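Student: The sequence shown begins at 1 in the UniProt record's numbering and counts up by one.
Quick caveat, the hints were computed from the structure, so don't treat them as lab data. Possibly wrong hints are sitting among the right ones.
Dumping the calculated DSS-like pairs for lysine-lysine here, alpha-carbon to alpha-carbon at most 25 angstroms [to be verified]:
no.	residue 1	residue 2
1	K199	K281
2	K344	K281
3	K211	K341
4	K343	K211
5	K135	K311
6	K382	K156
7	K311	K114
8	K256	K238
9	K309	K100
10	K416	K281
11	K309	K114
12	K100	K135
13	K238	K281
14	K276	K382
15	K100	K343
16	K156	K238
17	K309	K382
18	K309	K135
19	K156	K339
20	K344	K276
21	K156	K276
22	K416	K339
23	K416	K343
24	K344	K416
25	K281	K382
All figures in this text were calculated on a predicted structure; none of them were measured in a lab.
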Amino acid sequence: MRRKRLSFNISKRFSKKLLPSASYALPPIVLLCFSLYFYCLSFTSSPANEPPHSLSITNHSSLELHSISITNHSSLSSSPPPPVYEKPCDYTNGRWVRTKRGPLYNATNCPNMKEKQNCIANGRPDLGYLNWRWKPSECHLPRFDPNTFLQLISNKHVAFIGDSIQEPPTVPPLHVKHCYRTKWIKQRRKIRRPPHYNKIYLDRVNIRWEKDIDQMDIIVLSLGHWFLVPSVIYWGDKVIGCLNRPVSNFSNCTTKIGFYGPIRRALRTSLNSIIKRKVKKGNGIDVIVRTYSPSHFEGAWDKGGICSKTKPYREGERQLEGEDAEIRRIQLEELERAKEKAKKFRRFRLEVLDVTKLALLRPDGHPGAYRNPFPFANGIPKSVQNDCVHWCLRGPIDTWNEVFLQMMKNMARTAKE
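Could you build all of it, start to finish, from the sequences and the hints given here?
Tutor: Next up, the structure:
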């Protein structure tokens, strides 16, 4: 049986000659599409325009690195106003409240929306999930402003690193210097016969990805869901355990381990690599770690789980607990550990985009059965594949972009002080 080696990987260095393809890159972190702009060309070293997204093991998309570089955006306005810097706020605590304002984009003026996340076009009948906004307890969260965003990342390389829950913003074509996608962690193992599993190496990132850090100004990093699937975990060339799979299925694995340890080590390895490659050289970089995004399967995802709710949870109806809370705790701990390690270096900022709680309260925001077009057009089938991990576009995930923009504004403000 042929097994592909899994490692932290990026396909190629930044290149002037990149292969164009239509972009299907949307959140999380996706920044809002507007009729004035937002058709983004992406470039990939892979012959396929879009990596597969599925809830099955064999078709689950690989972790990827997406990068954009924005040139001066002055054509958006003859004299764009400077960004307005507001007092920092804790956006993690709050509640979802009804709003009459609708989303700022749709499938018409955002043509690169992925079909599997375009819930309305796929026939989702209820639209109430669109009419909610996140209200922080201590401050106001402004609506997303694309002009401000483009100002803040003008002439910068921004890398969005993560699995299929984490993808880059969509940006105006006139202002895109480079926009492409490349593999970050090659995690899929295509085998036509069981056992199906991944091979994960936790001790290093691929040397090509490490070298590309030199050209990055901002990194948005997320991980979590991929570590919940069956895997054989390596440290160097040594197998340290089997994850979510009986050890009897693997001749070279005798220890069954949980997924919390591998998640911690993967994040630590990533942050250490950034510090070693970028920060120790005296080069500035901003790193944002996006916390875990909970799924909302009512029942196991691989055993017919569904997510059919049409409203957010009420305050106090759902608590942050279990694996959602533990993965978030690990991410926050590793963030603080990296801060302590790198505090002696200048021009290094490490922040958290904490979306776990606000995402936890939105079971209504997933595609569910409407990840595919009109799943009930011919009646109710015996089984329907539900996606309760990814998010509808438009939908609650757009709030992540609003919080992300406020973080960018605050980082720009502190850089001037």
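Student: List, from low to high, the hint numbers that the structure doesn't satisfy.
Tutor: The structure breaks hints 1, 6, 13, 14, 15, 16 and 25; every other hint is satisfied.
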